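J.: Sequence:
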Amino acid sequence: MSLPDDLLAWYDRHARALPWRVPPDARQSGVAPDPYRVWLSEVMLQQTTVAAVRDYFRRFTERWPTVEALAAADDADVMAEWAGLGYYARARNLLKCARVVTAQHGGRFPDTREGLLTLPGVGPYTAAAIASIAFDRPETVVDGNVERVMARLHDVHTPLPAAKAELTALAAALTPQERAGDYAQAVMDLGATICTPRSPACGICPWREPCRARAERTQAELPKKALKKSKPVRQGIAYVGRRADGAWLLETRPPEGLLGGMLAWPTTAWAEGAPEPAPPAEADWQDLGAEARHTFTHFHLQLAIRVADLPHSAVPTRGEFLPHDRFRPAALPTLMRKVHDLARATFRPD
DNA sequence: GAGCCGTGGTG
DNA sequence: TCACCAAGGCT
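Just so you know, the numbering used here puts 269 at position 286 of the first sequence, and the rest follows in order with no gaps.
Careful: at least some of the hints might be erroneous.
[Claimed, not checked] Subject to a maximum C-alpha distance of 30 Å in a straight line, what follows is the list of computed DSSO-like cross-link-like pairs (lysine-lysine): (1) K207 <-> K147; (2) K321 <-> K211; (3) K147 <-> K211.
These are calculated hints, taken from the structure and not from any lab test. On a predicted model such as this, the values are computed, not experimentally measured, just so you know.
Given the sequences, and given the hints that come with them, work out the whole structure.
T.: What follows is the structure in structure tokens.
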């Protein structure tokens, strides 16, 4: 038995049951995955855990069962449905991609890695994942799991990201011509359930015998990674205003950059040091005395909160009033939902 | 190559 | 409390 065969045999017994996955037995009986569902799941899973993705995947596929349905959706509806999942450029690219596939490819996803790479939001990993999982092409997927598994299997001590090319070559050398889709998912399942970042379960690993790191007892320290930079602290002020009729003053953030395209409370700029106030409407803004703390990828944020009852005649300089019955806190990104949770108690119950 | 871009779980 | 981490892509 070869290494890939050993892994596939393990996968046949231990594959995780996932909503977007065709299990190995069904697959070998000729059931083909739906490329739309494979693509959607892979985009959602970028830097995101399976546990976080499950409910989002279910809601998206119920609401938009096909790529054509998604392509026809309103941008704001898609952004609201994505709210809380993070990395919102993914949602913007998701729509772009659905519209390209619908308008330029007749609603069918390209079935090669090269074709898939031309799509918005589809990079080297996702293109290989869709090509292998949806179309059974022998492409090599290299995600964080595969990097970790290869670094341990071959005892590679070069730190990431410099080691990326080396680990990719090692992974490619193992990729089988047959059952490419199952193999791709098998390596990732191995990384997610056995060859985990901390406390890997080497004793029950199908690759425990050939694993070089296990032999050298270096598995816990691999893969090596470059030191991370510390995060600076930025500060700002969020303005939560409500009109007497219950409408909230909200804005849609600019399409690019942090939380781009998302519904949000108007805020000052976020910078190191005390923020310059920038209220979105003339009113008696009161400091809430509590702040929302949130950590983004590259900085910590401390967001002070100011609240105001706005007169019906108020003309905001930014944002617009969203009627009470059309406002869903779930449509806010998490930071803005935290702000709402802190501020809501200060207003009369609706 | 490196910075930007979210969030929730975990030790 | 806090740093680390997860099926990356774009610029």
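J.: Now tell me if each hint is right for this structure.
T.: Hints and how they fare:
1. K207 <-> K147: Holds: K207 and K147 sit about 11 Å apart, inside 30 Å.
2. K321 <-> K211: holds, 27 Å
3. K147 <-> K211: holds, 17 Å
Comparing the model with each earlier hint shows no violations; every hint is respected.
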